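K.L.:
Here's the letter readout for the chains.
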Amino acid sequence: MRVIDFGEASCRRIRDYLDSYLSGELLVETNLEVQRHLQSCPACCQEFREAAEIRRSLRDAARREQTPAGLQARIHAGIRRDRKSRRRLLVGMSIAASVLVAISVGWIATIRISGHAPHELMAQEMYISSLPEFVGAVTFLGFADHLHCGVYWKILQHDIHDAEILDELGTELAPLAGIFREELPDDYEIRLAHRCKYRGRTYIHFVARREDDKLVSLVLTERVDGESFRVTDGLLPVSEVLGAEIFGSSIVGYHLAGFEAGRYVGFVVSDLSGDGNLALAQAIVPEVRAFMSGVEG
Amino acid sequence: MLFGKRDPYKEFEEAALPHLDELYRSARRMLRDHASAEDVVQETYLRAWRSFARFEKGTNCRAWLFRIMVNCSRDYWKRRAEAAPADRSEEILDQQAATPSMPARLTDPGILGALHNVPYKLREVIVLADVEEFTYREIAGLLDVPIGTVMSRLSRGRSRLRELLSESSGGRSAGSGRGTA
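Line order of the protein sequences matches chains A and B.
According to this note's numbering, the first sequence is numbered sequentially starting from 10.
According to this note's numbering, the second sequence is numbered sequentially starting from 39.
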């Protein structure tokens with residue numbers, strides 16, 4: 010080693026860099042400066058060697074740690090217990106809901122479920138059945154599922170947990186909840202996220218609720234026989250965002266913004282104002298379309 | 039089939055379980071003992087599973103798990119600190135000593151024992167940087183602190199570790215041969 014006396018200030022400066030040098034975090038020029046200094050300064054070189062030796066010894070010693078044999082099994086068991094207890098909770102809630110519905114049908118002819126709904130189950134179904142007189146066949150799908158699951162099925166009193174969303178929808182579709190949540194007004198919370206069958210169609214359905222029972226749904230279902238808002242329902246788009254056409258419709262108390270996403274058709278339905286519902290759809294639709302283009306059929 | 043459903047737990051296992059050894063060894067160093075590390079790692083996996091829906095596939099699963107583990111460990115350490123008398127090692131945060139002499143030979147028990155006496159916040163950064171080799175930027179993200187704070191804690195932590203090694207050996211050799219902590 011060719012020894013050069015750099016002076017105390019220079020050595021102090023280099024020693025300040027040693028931590029970052031050890032971690033490989035210096036810029037190329039500074040790195041070269043430290044290397045050159047270490048090549049010619051025995052004191053700093055010794056300092057560096059010791060620091061490097063401590064680091065290496067620590068890393069090797071810590072990495073020799075053996076994971077306890079039963080830990081992986083205990084992790085599995087803990088998650089299994091958690092899943093079971095959540096399922097039991099959901100089943101309990103479903104049974105309670107069924108009992109309530111039975112009592113409702115038998116004894117109480119009219120239950121006020123929300124400010125906009127017809128009052129009894131039969132009447133609710135009759136109301137939904139009457140909608141095709143007023144709206145197109147594709148548009149009907151969005152209104153029908155929103156009314157059936159969101160407005161009439163009163164299960165929206167608890168916060169829905171991410172694990173429940175995952176269990177319901179699987180990892181492929183669960184991220185839709187995040188997209189929906191991201192664009193919702195702050196005072197709405199997702200209270201339902203499920204796949205459901207209604208009147209022969211399968212839907213993916215999210216419902217968000219506000220304190221005052223106002224509801225917003227995001228509904229998706231697969232298109233059948235090339236159905237579309239333009240051809241099947243004879244609608245023209247009311248808006249276009251990033252190449253996505255949005256179609257509008259309303260019935261008493263509810264507004265719908267429909268869109269097509271490849272093999273799927275989607276709806277944002279709510280009791281917001283027409284403009285409010287459209288604005289929400291304009292935010293959600295491009296994200297949902299982009300997401301659905303990556304979903305396998 | 040429309041909206042075909044994959045088993046989410048299987049996906050979780052495939053993504054998260056390969057990191058078990060790293061999470062355990064780091065928790066073990068941060069919390070000092072086996073039982074606490076096991077508790078924290080179990081809690082980490084439970085929390086990770088519950089929020090797996092939010093985990094973006096294709097992003098850094100290891101960093102995501104470490105972030106959860108770091109938070110669990112801190113909660114655990116805080117609860118333990120509240121239940122136990124004050125740990126004096128936590129008070130020595132800003133002490134800057136002259137470079138101490140290093141033991142002639144470093145052993146596993148010697149260096150791990152010294153690490154355990156480094157204050158928690160400094161020890162945490164040393165483990166993440168020197169054992170797990172996360173970058174400063176990654177550590178800043180894991181701990182929710184600026185990069186400057188990471189650098190400062192790492193520097194103080196390494197200095198303190200060196201002091202402790204020197205103290206434990208009286209400036210001479212800390213022993214010979216390798217063993218386990």
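Hints are computed from structural coordinates only; laboratory data are not their basis.
Mixed in with the good hints, there may be bad ones.
[Claimed, not checked] Now the in silico label distances, taken between C-beta atoms and shown as ranges: (1) Pro141(A) <-> Asp113(B): 29 to 35 Å; (2) Arg117(B) <-> Gly187(A): 30 to 36 Å; (3) Gly186(B) <-> Asp222(A): 37 to 43 Å; (4) Ala299(A) <-> Glu171(B): 15 to 21 Å; (5) Gly285(A) <-> Asp59(B): 48 to 54 Å; (6) Thr173(B) <-> Pro194(A): 54 to 60 Å.
Computed from a prediction, not measured in an experiment: that's the story for all the values here.
Every residue gets a Cβ at the ideal spot worked out from N, C-alpha and C, and that includes glycine.
K.L.:
Against each hint, give a clear statement of whether it holds in the structure.
P.N.:
Consistency of the hints with the structure:
Separation of Pro141(A) from Asp113(B) is about 55 Å and departs from the stated range, judged on CB atoms against 29 to 35 Å. Judged by the Cβ atoms, the range 30 to 36 Å given for Arg117(B) and Gly187(A) holds: they are separated by roughly 31 Å. At about 49 Å, the CB distance of Gly186(B) to Asp222(A) disagrees with the hint of 37 to 43 Å. In this structure the supplied range 15 to 21 Å is violated for Ala299(A) paired with Glu171(B), their Cβ-Cβ distance being about 35 Å.
As the Cβ distance of Gly285(A) to Asp59(B) is approximately 52 Å, the hint placing it in 48 to 54 Å holds. One distance hint, 54 to 60 Å for the beta-carbon pair Thr173(B) and Pro194(A), is violated here, with the actual separation near 38 Å.
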